[in-house]
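Using the sequences and the hints given, assemble the complete structure.
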Amino acid sequence: MPTNIKPIPDGYHTLTPYLVVRSAAEALAFYQKAFGASETFRLNAPDGKIVHAEFKIGDSMFMLSDENPQCTDVSPETLGGSPVKQFLYVADTDAVFADAIQAGAQEIMPPTNQFWGDRMGSVTDPFGHHWLIATHIEDVDPNELQSRMEAFFSSQTACA
Numbered sequence: 001m002p003t004n005i006k007p008i009p010d011g012y013h014t015l016t017p018y019l020v021v022r023s024a025a026e027a028l029a030f031y032q033k034a035f036g037a038s039e040t041f042r043l044n045a046p047d048g049k050i051v052h053a054e055f056k057i058g059d060s061m062f063m064l065s066d067e068n069p070q071c072t073d074v075s076p077e078t079l080g081g082s083p084v085k086q087f088l089y090v091a092d093t094d095a096v097f098a099d100a101i102q103a104g105a106q107e108i109m110p111p112t113n114q115f116w117g118d119r120m121g122s123v124t125d126p127f128g129h130h131w132l133i134a135t136h137i138e139d140v141d142p143n144e145l146q147s148r149m150e151a152f153f154s155s156q157t158a159c160a
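Letter by letter, the sequence shown follows residues 1 to 160 in my numbering.
None of these hints come from the bench; they were simulated from the model. Just so you know, not all the hints are guaranteed correct.
[To be verified] Capping the alpha-carbon separation at 35 Å, the derived lysine-lysine pairs in DSBU-like fashion look like this:
hint : residue 1 : residue 2
1    : Lys33     : Lys56
2    : Lys6      : Lys56
3    : Lys49     : Lys33
4    : Lys6      : Lys85
5    : Lys85     : Lys33
6    : Lys85     : Lys49
[To be verified] Between beta-carbon pairs, the in silico distance windows are:
hint : residue 1 : residue 2 : range
7    : Thr112    : Gln32     : 41 to 47 Å
8    : Glu26     : Phe152    : 33 to 39 Å
9    : Lys85     : Gly36     : 17 to 23 Å
10   : Gly58     : Ala151    : 30 to 36 Å
Here a beta-carbon is modelled for each residue, glycine too, at the ideal position from N, C-alpha and C.
In structure tokens, the structure reads:
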């Protein structure tokens with residue numbers, strides 16, 4: 001391998017989410033409206049489906065493709081949901097949450113101040129991916145987190 005080639009390309013982090021959806025072109029449009037994503041790269045198959053696309057939200061890259069079950073690329077819609085959540089830190093949770101809802105996301109939990117020091121809300125995008133949208137609002141002493149968590153759970157009747 002040439003010495004001038006970086007093992008992690010410029011602009012990428014060690015971990016990069018890769019989302020699979022049924023309509024990648026529509027998903028890219030949604031992510032642009034909801035989260036201010038900017039598309040950086042796209043490869044289309046002869047049939048027009050997106051084989052691979054990359055976009056950026058803030059300082060983080062995401063990859064995306066259309067569903068292709070023959071290659072084990074299936075969407076949350078095919079699976080009946082997704083166990084994976086995207087955690088998105090933003091400057092203003094309430095504004096980004098409202099943008100996501102206006103763009104077509106479904107509310108799971110409205111923005112609420114959380115015991116660990118974030119204001120966070122959650123949505124499911126129109127393609128079945130779950131997003132946690134948060135702004136850090138308080139630095140909580142790690143020694144206080146356990147008691148805050150216990151107080152939170154003792155006040156809950158069901159999972160949020």
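Results for each hint:
1. Restraint check: the Cα-Cα separation between Lys33 and Lys56 comes to about 13 Å, which is no more than 35 Å; the hinted pair holds.
2. For the proposed pair Lys6 and Lys56, the alpha carbon gap of about 20 Å is at most 35 Å, so the pair holds.
3. For the hint pairing Lys49 with Lys33, the CA-to-CA distance comes to about 21 Å; that is within 35 Å, so the pair holds.
4. The straight-line distance between the Cα atoms of Lys6 and Lys85 is roughly 29 Å, inside the 35 Å bound, and the hint therefore holds.
5. Of the pairs offered as hints, the one joining Lys85 and Lys33 holds, with about 19 Å between alpha carbons and a cut-off of 35 Å not exceeded.
6. Note on Lys85 and Lys49: the hinted pairing holds, with a Cα-Cα distance of about 24 Å set against a maximum of 35 Å.
7. Between Thr112 and Gln32 the C-beta distance comes to about 26 Å, which lies outside the given range of 41 to 47 Å.
8. Separation of Glu26 from Phe152 is about 37 Å and conforms to the stated range, judged on CB atoms against 33 to 39 Å.
9. Between Lys85 and Gly36 the Cβ separation comes to about 19 Å, which falls inside the hinted range of 17 to 23 Å.
10. Hint check: Gly58 to Ala151, Cβ distance near 32 Å, so the stated range 30 to 36 Å holds.
Hint violations for this structure: number 7 only, all remaining hints satisfied.
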